[in-house]
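My numbering numbers the first residue of the sequence shown as 1 and each following residue consecutively.
There's no promise every hint is true.
Pairs of lysine to any residue residues, derived as SDA-like cross-links and limited to a Cα-Cα distance of at most 20 angstroms, are as follows [unchecked claim]:
no. : residue 1 : residue 2
1   : 173       : 149
2   : 141       : 101
3   : 54        : 80
4   : 236       : 207
5   : 232       : 269
6   : 232       : 202
7   : 173       : 207
8   : 236       : 61
9   : 232       : 63
10  : 236       : 203
11  : 236       : 225
12  : 236       : 71
13  : 173       : 137
14  : 255       : 235
15  : 173       : 190
16  : 232       : 245
17  : 255       : 101
18  : 255       : 267
Since the hints were made in silico from the structure, they are not lab data.
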Amino acid sequence: MSLARASNVPSIRESIASAVKAGFKNVPGRPQTFQPETLAKLQDAGGILTAATKCTFEDLLLPIDLQCVLDEFVLELEYRTELAERGLRARNRFLFWGPPGNGKTSCASALASALSERAFVVSIPELGSQFLHGTEQNLGKLFSTIRDGMVIVFDEIDAIGSARGQSDSSAGKSQNAVVNTLLTLLDRHTSGVIVATTNRPDMIDTALQRRFDEQVEFPAPTREQMRSLARKLCEKYTIAEVDVSDCANFDEVSKRVATEARRRVMRELLAADDTTDESEGNAA
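Generate the whole structure from the sequences, applying the supplied hints.
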């Protein structure tokens, strides 16, 4: 897949990608995706999980070195059964960190798409509980739903995984208990893929950081990368190029282009309505 993306010829990229994906689908012993009844369990989890917006690596503009790292993860997970037969565990717990708005959550969804799996985002507000040990119980319920064929995304994990400390307050003790529970569940659970994202890796408990197989940095995009994304989105919406020179990240670029696309479409629709009204008036 890295070779495919490195090619400057679209037809070659598509041919290589299609051949590789077709080969993956025919690998004997490939882990089965989750069954429909798992969706019912997700509903029973009290709305803790919500389906992520679908995305592919082709939709993103990742630096080539970062894309190569992610491709390596995909390959390992596709061959997790073969690795297990040799006493090796495919890496399936990742921490994505970096400035906000630069594609960490979207990349988790793209990782799921590359594996022909589904991505679900953990709702931190729903996970939290005002009752004693309620958050720990919700975490246990959440992990009981995770199966192969699922990618679970803990967005902004620092909200529940911040560094433990010596505290006599009830809030401090409760936070320590949540982190301890999360550490235990991560140690015991091996199914599916778990991706955590954060803008503040320095706030995350060090023991929790060690539970992840890999910590992947998402650097801030360059001006050229943001312009490339803008051009790609403008082409998608069939509008003229939009100025994104003052945008700071991919998220701002996406919103700027989408806003301008809506404005231009609305102008066309209103102009069409005015023409129709004028024609009807002349006819009358």
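Checked hints:
1. Taken as a hint, the residue 173 and residue 149 pair is broken in the structure, with Cα atoms around 35 angstroms apart against an allowance of 20 angstroms.
2. For the hint linking residue 141 to residue 101, the alpha-carbon distance of about 30 angstroms lies beyond 20 angstroms, and the restraint is violated.
3. Restraint check for residue 54 and residue 80: not satisfied, since their Cα atoms lie roughly 23 angstroms apart, outside the 20 angstroms limit.
4. The hinted pair formed by residue 236 and residue 207 fails the criterion: a straight-line CA distance of about 44 angstroms is larger than 20 angstroms.
5. For the proposed pair residue 232 and residue 269, the alpha carbon gap of about 23 angstroms is over 20 angstroms, so the pair is violated.
6. Of the supplied pair hints, the one linking residue 232 and residue 202 is violated, its CA atoms being roughly 34 angstroms apart against a limit of 20 angstroms.
7. Proximity of residue 173 to residue 207 is assessed by CA-CA distance (about 17 angstroms); at most 20 angstroms being required, the pair is judged to hold.
8. Distance check on the hinted pair: residue 236 and residue 61 sit about 15 angstroms apart at the alpha-carbon level, within 20 angstroms; holds.
9. This hinted pair checks out: residue 232 and residue 63 have alpha carbons roughly 16 angstroms apart, not beyond 20 angstroms.
10. Proximity of residue 236 to residue 203 is assessed by CA-CA distance (about 38 angstroms); at most 20 angstroms being required, the pair is judged violated.
11. With a C-alpha separation of about 17 angstroms, the suggested pairing of residue 236 with residue 225 holds against the 20 angstroms cut-off.
12. For the proposed pair residue 236 and residue 71, the alpha carbon gap of about 25 angstroms is over 20 angstroms, so the pair is violated.
13. Note on residue 173 and residue 137: the hinted pairing holds, with a Cα-Cα distance of about 16 angstroms set against a maximum of 20 angstroms.
14. Of the pairs offered as hints, the one joining residue 255 and residue 235 holds, with about 15 angstroms between alpha carbons and a cut-off of 20 angstroms not exceeded.
15. Of the pairs offered as hints, the one joining residue 173 and residue 190 is violated, with about 28 angstroms between alpha carbons and a cut-off of 20 angstroms exceeded.
16. For the proposed pair residue 232 and residue 245, the alpha carbon gap of about 15 angstroms is at most 20 angstroms, so the pair holds.
17. Under the criterion of a C-alpha separation no larger than 20 angstroms, the hint pairing residue 255 with residue 101 is consistent with the structure, at around 11 angstroms.
18. Proposed proximity of residue 255 and residue 267 is supported: the alpha carbons are some 18 angstroms apart, at most 20 angstroms.
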